[in-house]
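Line by line, the protein sequences are chains X and E.
Under the numbering used here, the first residue of the first sequence carries the number 1, and numbering increases by one thereafter.
Under the numbering used here, the first residue of the second sequence carries the number 190, and numbering increases by one thereafter.
Hints in this document: simulated from the structure, not taken from any laboratory.
Every residue, glycine too, gets a C-beta built ideally from N, C-alpha and C.
Incorrect hints may appear among the rest.
What the hints assert, rightly or not - Cross-link-like lysine to any residue pairs, in silico, SDA-like; alpha carbons within 20 Å at most:
#  : chain 1 : residue 1 : chain 2 : residue 2
1  : X       : Lys19     : E       : Lys413
2  : X       : Lys79     : E       : Arg432
3  : E       : Lys304    : X       : Gly121
4  : X       : Lys19     : E       : Ala314
5  : E       : Lys413    : X       : Glu128
6  : E       : Lys413    : X       : Asn87
7  : X       : Lys78     : E       : Asp322
8  : X       : Lys160    : E       : Ser315
9  : E       : Lys413    : X       : His124
10 : E       : Lys304    : X       : Asn118
11 : X       : Lys7      : X       : Lys32
Said to hold, decoys possible - Facing chain E, according to a computed beta carbon distance under 10 Å, are these residues of chain X, among others:
#  : residue
12 : Phe15
13 : Thr33
14 : Gln40
15 : Pro71
16 : Ala74
17 : Leu80
18 : Arg91
19 : Glu112
20 : Val114
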Amino acid sequence: MESAETKNIIEALLFASSKPLSIRQIKEVLDKTDVQIIRQAVVKLQEEYKGDGRNFQIIEVGGGFRITTLPRFAPWLKKLFSAQKKNIISRQALETLAIIAYKQPITRAEIEAVRGVNADGVTHSLLEKRLIQVVGRKPVPGRPLIYRTTNRFLDSFGLKALADLPEIEELKEVEEDVIRRFASKNRQD
Amino acid sequence: MAGFPWLSKSKEGYRVELDTFSGPLELLLHLIKVQEIDIYNIPISRITGQYLEYLKLMEELDLDVAGEFMVMAATLMHIKSKMLLPKEIAVVEENEEGDPRAELIEALVEYKRYKQAAGHLGELASRRREIFDRGESSIVSDEDETLEADLFSLIAAFRKVLDEVGKEPFREITRSSVTVKEKIGELLSLIRQRKEFAFSELFRNVASRLEAIVSFLAVLELIKQRKIFARQSKLFGEIRILRRD
Numbered sequence: 001m002e003s004a005e006t007k008n009i010i011e012a013l014l015f016a017s018s019k020p021l022s023i024r025q026i027k028e029v030l031d032k033t034d035v036q037i038i039r040q041a042v043v044k045l046q047e048e049y050k051g052d053g054r055n056f057q058i059i060e061v062g063g064g065f066r067i068t069t070l071p072r073f074a075p076w077l078k079k080l081f082s083a084q085k086k087n088i089i090s091r092q093a094l095e096t097l098a099i100i101a102y103k104q105p106i107t108r109a110e111i112e113a114v115r116g117v118n119a120d121g122v123t124h125s126l127l128e129k130r131l132i133q134v135v136g137r138k139p140v141p142g143r144p145l146i147y148r149t150t151n152r153f154l155d156s157f158g159l160k161a162l163a164d165l166p167e168i169e170e171l172k173e174v175e176e177d178v179i180r181r182f183a184s185k186n187r188q189d
Numbered sequence: 190m191a192g193f194p195w196l197s198k199s200k201e202g203y204r205v206e207l208d209t210f211s212g213p214l215e216l217l218l219h220l221i222k223v224q225e226i227d228i229y230n231i232p233i234s235r236i237t238g239q240y241l242e243y244l245k246l247m248e249e250l251d252l253d254v255a256g257e258f259m260v261m262a263a264t265l266m267h268i269k270s271k272m273l274l275p276k277e278i279a280v281v282e283e284n285e286e287g288d289p290r291a292e293l294i295e296a297l298v299e300y301k302r303y304k305q306a307a308g309h310l311g312e313l314a315s316r317r318r319e320i321f322d323r324g325e326s327s328i329v330s331d332e333d334e335t336l337e338a339d340l341f342s343l344i345a346a347f348r349k350v351l352d353e354v355g356k357e358p359f360r361e362i363t364r365s366s367v368t369v370k371e372k373i374g375e376l377l378s379l380i381r382q383r384k385e386f387a388f389s390e391l392f393r394n395v396a397s398r399l400e401a402i403v404s405f406l407a408v409l410e411l412i413k414q415r416k417i418f419a420r421q422s423k424l425f426g427e428i429r430i431l432r433r434d
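Whenever a hint applies, use it, and build me the whole structure from the sequences.
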């Protein structure tokens, strides 16, 4: 198949899909086309969208590619969708999500150890929103469920992969700081 | 723990559960922040005293205080007693297990870092919300994380109100007074007319401590129901109540 046509087909797939499409999924459709060629076509398409001053863009999120509008249209789109039920996440749920995202795979007891408070309700609401999922049970007494974030989580936060989570540089510094301070054993109260 | 009997009538079964708010670590971080305390050198006896004061007020309000708050109170008192040990003994013990505060500080620092991480995630989500696709609706996090007043800032502001109202709750027993349900109704109609108002405005005309408490519970309930939210633009700044659209 002509490479221009490959690119056109991919564009149609991305346009019609409601979820990010991975290279593997595209390969399932274009089964005779080499993965390398598919990847090149996607990148080419991405560049074309950028270069042509189009009103859409192709972004890589949650393990795949998807077509979205440009940020500058946000005010109008927000107006259009303002009546839609919003998918609201509370601050507590966001905190819990952060703990899961950075420490996964993780059990509820481990989440609660960080938050210092019961995490039953928030875990449930994150599962309901499909931002996290159960991936198994930990082989310890009680066999607690193990949670991980989902691709939908990555997509919702505009991340390609978990490796793109913002590095919490300060955190390391803070840890070192704790060790240093307690090593010197200065006690004043 | 039971609230005060005089409150139960006005509450008519309303019990604000705190699971939509946070736990004891959040309260400690709040105390550390408002007093600009060095997290690595927490004055345990002062913090313990303040922590217990908040706990007492939360009980008076008959908030559904989680058991974790009690556990933390016990932990704080335990640390405090250890810190009070005579120096010679303390030194010996220190060699074995270090600063009695170490574990608590570690927990606070770790919790704080995930709170910060949550802030980062909130920013990412709001950037992602600027672009639209054919998928499901995107995740909306609570109104600007950094500005939203937490429960403990609200309680701090409410304590000031209570000091001004004075302390005469028991006169109210006989008088039939406003209920939480009625206050919620009042607040809803107020917020329908005006998009926002100052937290203090709510208590301008309250006749008693009971009425103040009832109003405050109505605010918490509406925050929980996501009808309104509280905003505090800076530390110790005025708290404003806004309609959530």
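Hint by hint, here is what the structure shows:
no.	hint	result
1	X:Lys19 x E:Lys413	violated (32 Å)
2	X:Lys79 x E:Arg432	holds (18 Å)
3	E:Lys304 x X:Gly121	holds (18 Å)
4	X:Lys19 x E:Ala314	holds (17 Å)
5	E:Lys413 x X:Glu128	holds (19 Å)
6	E:Lys413 x X:Asn87	holds (16 Å)
7	X:Lys78 x E:Asp322	holds (12 Å)
8	X:Lys160 x E:Ser315	holds (16 Å)
9	E:Lys413 x X:His124	holds (17 Å)
10	E:Lys304 x X:Asn118	holds (16 Å)
11	X:Lys7 x X:Lys32	holds (14 Å)
12	Phe15	holds (8 Å)
13	Thr33	violated (24 Å)
14	Gln40	violated (23 Å)
15	Pro71	holds (4 Å)
16	Ala74	holds (4 Å)
17	Leu80	holds (9 Å)
18	Arg91	holds (5 Å)
19	Glu112	holds (9 Å)
20	Val114	holds (6 Å)
Going through the hint list in order, the structure does not satisfy hints 1, 13, 14.
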